[in-house]
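A.B. asks: Chain residues, written in single-letter form:
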Amino acid sequence: MSRRTFKKDGTVKLQWDFIESNKRYDRTLVATPLNPLMWFRKDKKEKKLSQKLDGIENRLADRYEGIMLQMLRKANIADDTSVRLIWSLVRTKAILARDKWAFPRVLWESYKEKANVDDSMISLLRPKFMLRQFVDEIENSAHRDVLRALAYGSGNGSGAFPKETFNMFNLALVSLHKELLQQSSFVDHMTDGTLRAGEIKTFKKPFVEYRDWLIKC
Amino acid sequence: MKRKKDTKNVLTQEEREFWEDVRRTQAETAPIPGIDFKALVAESSKAFWSIRKAQIERDKDLKKSLNFDQLKEMMPEEFAWAHFYSNQGDLRRGFAHAALRFFDPIREFFRDFATSTLPWAASLMLLIGAVLLMSRIGPIAQAVPSLTQGMSYSLAGLFSLFAVFLTVRFFSDPSGVSFMGLQKLKNSTGALVGGLCCAVAVTVLFGYAAQQRNIVKTTRAEVGPLQEEIQLTNTVSKVTPLSDSVLVDNKTGSLEKKIDEQLKNIFPTDRATLKKVQSSDDVVVYQAALLSGSAMKLSFSKQKVDVTNVDGSGYRIMPLTLQDTKSDSASFSSGTTDNQKIDLHFSEDEAARLSALLRGYQGRQMVVTYDVSSSTLVGLRSTDNSKSDPFYYNGLYERVKQLSLKMDASKSATVAAAQ
Chain A
1 MSRRTFKKDG
11 TVKLQWDFIE
21 SNKRYDRTLV
31 ATPLNPLMWF
41 RKDKKEKKLS
51 QKLDGIENRL
61 ADRYEGIMLQ
71 MLRKANIADD
81 TSVRLIWSLV
91 RTKAILARDK
101 WAFPRVLWES
111 YKEKANVDDS
121 MISLLRPKFM
131 LRQFVDEIEN
141 SAHRDVLRAL
151 AYGSGNGSGA
161 FPKETFNMFN
171 LALVSLHKEL
181 LQQSSFVDHM
191 TDGTLRAGEI
201 KTFKKPFVEY
211 RDWLIKC
Chain B
218 MKRKKDTKNV
228 LTQEEREFWE
238 DVRRTQAETA
248 PIPGIDFKAL
258 VAESSKAFWS
268 IRKAQIERDK
278 DLKKSLNFDQ
288 LKEMMPEEFA
298 WAHFYSNQGD
308 LRRGFAHAAL
318 RFFDPIREFF
328 RDFATSTLPW
338 AASLMLLIGA
348 VLLMSRIGPI
358 AQAVPSLTQG
368 MSYSLAGLFS
378 LFAVFLTVRF
388 FSDPSGVSFM
398 GLQKLKNSTG
408 ALVGGLCCAV
418 AVTVLFGYAA
428 QQRNIVKTTR
438 AEVGPLQEEI
448 QLTNTVSKVT
458 PLSDSVLVDN
468 KTGSLEKKID
478 EQLKNIFPTD
488 RATLKKVQSS
498 DDVVVYQAAL
508 LSGSAMKLSF
518 SKQKVDVTNV
528 DGSGYRIMPL
538 TLQDTKSDSA
548 SFSSGTTDNQ
558 KIDLHFSEDE
568 AARLSALLRG
578 YQGRQMVVTY
588 DVSSSTLVGL
598 RSTDNSKSDP
608 FYYNGLYERV
618 KQLSLKMDAS
628 KSATVAAAQ
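Chains as they are written, first to last, in the working numbering: chain A, 1 to 217; chain B, 218 to 636.
There may be inaccurate statements among the hints.
Straight-line C-alpha distance at most 25 Å; calculated SDA-like pairs for lysine to any residue [stated by the list, open to error]:
id	chain 1	residue 1	chain 2	residue 2
1	A	K47	B	Q230
2	B	K255	A	L96
3	A	K44	B	E274
4	B	K270	A	T32
5	A	K8	B	A264
6	A	K23	B	R269
7	A	K205	B	Q230
8	A	K52	A	R105
9	A	K114	A	D192
10	A	K205	B	E232
11	A	K100	A	K204
12	A	K112	B	G251
13	B	K263	A	K205
14	A	K47	B	E232
15	A	K93	A	N58
16	A	K204	B	K263
17	A	K216	B	K270
18	A	K52	B	Q230
19	A	K48	B	A264
Simulated from the structure, these hints should not be mistaken for laboratory data.
Model the full assembly from the supplied sequences, consistent with the hints where possible.
C.D. replies: Spelled out as structure tokens, the structure:
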């Protein structure tokens, strides 16, 4: 059941790239002649990595924007200083991260450090936040889009919801569940223990757990 | 019909709650007026890295201009931390903190070394290990005996394993995930360096093999058939059990294959064809024809192996037991049931040298190789490869070969009789 591959343009791969590029960029900056592979054409490598990192950050920010804004609002820190500080912390932690799966944990921890509210208020959003990376891995594009639009705020917000959308959303939850089962051996690690593979396997249709996490928080 | 359509559009309680939740979620995830999220992320990135660069530059400058006075200035800060922790009742942590901070530059140095130079060193060790291991195998060992002398297989293997371990360990990041995967090697200088290393390794390994082949070829061209025979004699005498197992092999019929293998080793580029010309219970005779045109006769019997050229010259290899060494002779027994005694006679001077060499080896079995036509002793070698006495196995053979002890033909009649 378990699958090791992730989509090339998926959020998971993007997160890996983010962690690895940050570490590599930092290693390039501190490289000395003792580190010949890094030191050789250092300036060119710096420039190349910096550009790559900008691209990755832009795409990651795009994907996490909705849920991050919701988190900022919940913690009453919806201002530009908070965004700047959280993402600075993310980079500091990314450089020191021990593995490439660390991005969601790093972003959540940075947010938690900045949020000056009770833990119980923000922890409700944690499963939804952790599920974000799995949404882009869903094969069915219609299911993927409906989850992005309704739960993560990338829709047009017109307010008109035909009945079919509701049915589509329920089908999308099935796809999401399927995706989580496929990644069951990584789920614990990817979500920093927020979601447990054993627990997920017990979920049954109509998957009210996912619905609660995604739109009730 | 119209009524039916209306019913279809009526939302259930569950659906209404769903839409309310969705609306609320959308409101919470909607962009905040005045905040351009993506622009802020990009801005924070630029700010972060400019601060990090400045920090790195500052550290570099500090390292460059670090002198004793500055060190003294730095010390109180470290001790202040130690003082802080000790005030907290954690003296051990205080000192650990101070010590760690104090050794930061050293730790950085070793981190750089461990992540860059060490893999290179480990790769080099791996390469040397592989070359040494290869040089113990096959024809390369003959080409470079000095390189492999004293180097056991197990030592070379352990060396290579250690180098492999170091390479894997240091080409991995702390989480144990390889960072030098194929994808990363692509478009990097690593690919070039790796390719060059492989090219050097291949050149070295194949260079030795080619060199060996050239030596054999050149020697043959320069010295002619006699030298060829010496090559053959060397190899045949090296596999002394062959003569002992002649009868057994003859019965099982695998002798031909064994001799063929030997010839392939001796003449790797000049494949010999092998033809059985005589076979009896006591003796098996083969005719070997080389592509270069030379031909020789190989006669295997219970007591000896004869390698004879078409012109009658050649060598005899016999397993004998040393009985005694005198001032003018060395006595051997054939070791067969009739226990025939064979005396090899030399001039006084040569016998004295042989006697000195063989002192203490009485009663031990050796393979004696001598030139039939010139009665020259070509080599002596033990029949067991006892590691406790390497001279007895290898050194003696080389020494006797160098001496080229010429037997007294008139007095060595017993040799002829023993034939």
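A.B. asks: Taking only the CA atoms, is the gap from K47(A) to Q230(B) under or equal to 25 Å?
C.D. replies: Violated, because 56 Å separates the two Cα atoms, which is more than 25 Å.
A.B. asks: If you draw a straight line from the CA of K8(A) to the CA of A264(B), is it 25 Å or shorter?
C.D. replies: 29 Å, violated
A.B. asks: Could you grab the alpha-carbon distance between K48(A) and A264(B) and see if it respects the 25 Å cut-off?
C.D. replies: Since the Cα atoms of K48(A) and A264(B) sit roughly 18 Å apart, the hinted pair holds (cutoff 25 Å).
A.B. asks: With the threshold set at 25 Å, check whether the alpha-carbon distance from K52(A) to Q230(B) stays at or below it.
C.D. replies: 49 Å, violated
A.B. asks: Would you mind confirming whether the straight-line C-alpha gap from K52(A) to R105(A) stays at or under 25 Å?
C.D. replies: 22 Å, holds
A.B. asks: Keeping to a limit of 25 Å between CA atoms, is the pair of K216(A) and K270(B) held or broken?
C.D. replies: Distance ~43 Å between K216(A) and K270(B) Cα, so the pair is violated.
A.B. asks: Compare the distance between the alpha carbons of K44(A) and E274(B) with 25 Å, and conclude whether the hinted pair is satisfied.
C.D. replies: 18 Å, holds
A.B. asks: Hinted pair, alpha-carbon criterion (25 Å max): K114(A), D192(A). Please report holds or violated.
C.D. replies: 19 Å, holds
A.B. asks: For the pair we were handed, K205(A) and E232(B), check the Cα-Cα distance against 25 Å.
C.D. replies: 16 Å, holds
A.B. asks: Decide if the proposed pair is consistent with the structure: K263(B) and K205(A), CA atoms, cutoff 25 Å inclusive.
C.D. replies: Judged against 25 Å, a Cα distance of about 46 Å means the pair is violated.
A.B. asks: Given the proposed pairing of K205(A) with Q230(B), does the C-alpha separation stay at or below 25 Å?
C.D. replies: 19 Å, holds
A.B. asks: For the pair supplied as a hint, K93(A) and N58(A), confirm whether the alpha-carbon distance does not exceed 25 Å.
C.D. replies: Distance of about 18 Å is within 25 Å: holds.
In summary, the structure is inconsistent with hints 1, 5, 11, 13, 14, 16, 17, 18 from the numbered list given earlier, while agreeing with the others.
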